[in-house]
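From first to last, the protein sequence lines are chains B and V. When the letters of the first sequence are read in order and numbered with the numbering used here, they come out as residues 1201 to 1431. When the letters of the second sequence are read in order and numbered with the numbering used here, they come out as residues 20 to 523.
A portion of the hints provided could be inaccurate.
As the list claims (entries may be wrong) - Cβ pair distances, simulated, as ranges:
1) V:V361 to B:G1349: 44 to 52 Å
2) V:E367 to B:L1281: 38 to 46 Å
3) V:V361 to B:T1211: 42 to 50 Å
4) B:E1346 to V:P373: 43 to 51 Å
5) B:G1261 to V:G360: 48 to 56 Å
6) B:R1220 to V:E367: 32 to 40 Å
7) V:P373 to B:A1337: 54 to 62 Å
8) B:S1242 to V:G371: 29 to 37 Å
9) V:P445 to B:R1220: 54 to 62 Å
10) V:R440 to B:H1216: 28 to 36 Å
11) B:A1263 to V:T372: 50 to 58 Å
12) B:A1375 to V:R370: 43 to 51 Å
13) B:H1216 to V:A461: 29 to 37 Å
14) V:L395 to B:E1346: 19 to 27 Å
In short, the hints are calculated from the structure, not lab data. Keep in mind that this is a model prediction, so the values were computed, not measured. Heads up, the beta-carbon is just placed ideally off N, CA and C, and yes, glycines get one too.
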Amino acid sequence: MATSVSVLDVTDLQVHRGPRLVVRDVSFAAERGELLALMGASGSGKTTVLRALAGLDPISGGAITIDGVTMRAGGRPRGALLRELHRRVGMVFQFHHLFAHMTALDNVALAPVHVQGQSHAHAQSRARALLASLGVAHRADARPHELSGGEAQRVAIARALAMEPPLLLMDEPTASLDPARRDDLAATLTTLASEGRTIVVASHDGDFIKACAHRTLVMNDGRLVNDALPR
Amino acid sequence: MQRAVLAALLVCVALASSAGILSAQQSQAARALSGAPELRWGGDAEGGEPFVYADPSDPLRVVGFEVDIAAILARGLDRTPRFIQVAFTSIDAEVMRGDFDVGLSGIEGLPARTARLALTVPYYAFREMLTVRQADGARFRTLADLRGRRVATLGATLAYELLQQAQTDYGVIPIVYEDDVHPYSDLAIGRVDGVLLDQVLAERGVRRNPGLMNEPQPVGMGRYVGILAPGNTALRDRLNDILKQAMRDGTLEALFRKWKLWNDDQPALYAQVLAEEGSAAKVPQSNAELDVWQATRRYFPALLRAAGITLALSCGSMAFAVLLGILIASGRVYGAPLLRGVLTGYVEVVRGTPLLLQLFVIYFGVAALVQLPAFLAALISLALNYAAYESEIYRGALEAVPVGQLEAARTLGFSDAQTLRLIRGPQAFRLALAPMTNDFVALLKDSSLVSVITVVELTKETSIFAANIGSWVVPGALCAALYLALSLPLARLARRLERGWRPA
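Use the sequences and the hints to build the structure in full.
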């Protein structure tokens, strides 16, 4: 896709955890509408890369540019930079981290109201539409502890999408899913990518990645060891 | 369910009180067998000069006119006197328990005592004196002049009964103190407009506080007596003989002259006591039970009102404690190191010192600078004290909210303040609810301590009631039932809220 623009640009990324260098000189880019898989064994550094992209961990070297906003080495991003970053990145955690004290619908509508300043009614109706598009409209009034793993994940995706980020990050999305749900998720992500969203998925589930990823990066011991198209 | 709890409670109270009577009888029997060389007498050395007080030159020894009375009584019985320290307000209950043989501590021969205890003949007559500030000397001559004004006294005294009557008759507001020093110091600084107490205390109060004066017209007359357990009439009769002999042969006169307490009221009293010889001090025991129920009916509205004060005080101070606790906890979790240090210091100091001391400091200690009304001082003390405990609960709860929740909030673009308000705070509150309920129930009961700064709440009203009828059984059971009625619904409400909010 020669005409497409780069939404994500990672250059010589380094991340320390304490004194230990856990991500070394990682560079890659992702285009608009691309679904990129980050593979590797546990501890290879793929989750750390995602957390750095989401602004959760400080980077100690290199740079990350997301849709025109650049993070460099230093402390965790703060203030205006953080706000600009979070308009561009949505994150779906492995364990979803839905806000435990509110319904699925409120989980989705909370940030649009308080961060983007949308009206309560508008945010709620958009949240309902998002939940419907992900097939969980009937669970809108359920609380997180009443949802199955698959339902919780869909609500978490809806929560991230409600902020309309150009880049969506997902950490181990198939960990809590049975095979049928896994196929559903692959289809959902394929649809989202086809609508123009860039998606980076960290996973070690080869079948799932084969089913949906456009390109796969393999990490080992904090380094990128392979950059290949799976199909 | 609640009725069953109450029934069980009543059984416990009844068992406890009968056990007390039993042990009193046993210990009396044991003393009779051993030949009992001692006369154990109870008094409150905190009551001070000139009754019973620590000898300034030897603080381990007590002196006072009551000490000399005890010596006369012991000599007459051919025993050695031994002093037992006892809080003035529990002196009746302790003599009934058999903790000592006779109570001598400026004890007034009130009708309620006559019905419940064995009383000696009176050995000193006193006047109830109204003390006011000198500037008010001409305005406030009698209780009738003090309509709508606050007048201080001690609970369970003749003066208190006179003030209760004056409340009905003239609208005087009685303020009950636990000690006989602070009524006068609070009068001097204007917290109350009068003090009604016996002349011994009144004269000492005027001596110690310049600017006060005693109105010349006495408000009433009272008498000091010795008190004994109701079954102990044999000893009481012997003590009466000794006292009367001391009246006849001038021993008592010499004693009171020595303490500069002799006046014209005393010969009149002695003449009356000696004239009543033979028919003296017949104690009516029969209709005591009826009195309890009549007294209960009379006191129940006061108990309900006091329960209202307990509830208002507890709810008010808890609300402030929660607010302040949230601020302290937020400061300790999010604040700069200096702020964290200051707040940690506050929490440690407040948790490490007694609430009673904090009450004294806030009410009496700073009275020279700012004179807080008693209820407000109580509310502030309880709030400041419980804020320290609440803040620890909230700090723990804030830190217990899973970090994933905070990271999820961060990736959605919430600021730290928004995260605290919308996500971390509400979740921490759910975690804090159970320990908070626990603290509120504790606060409900700790609020009884504020009676030391003249707030008459449920426990204080109960002890006044108990002192008046001379028994703790009915007042104690009613008091316990009222506390349970306040705390049980709250515990139930908290459980229901918790069920509705169970986190994942």
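Quiz prompt | Hint numbers not upheld by this structure, sorted from lowest to highest | solution = 5, 8, 9, 13, 14
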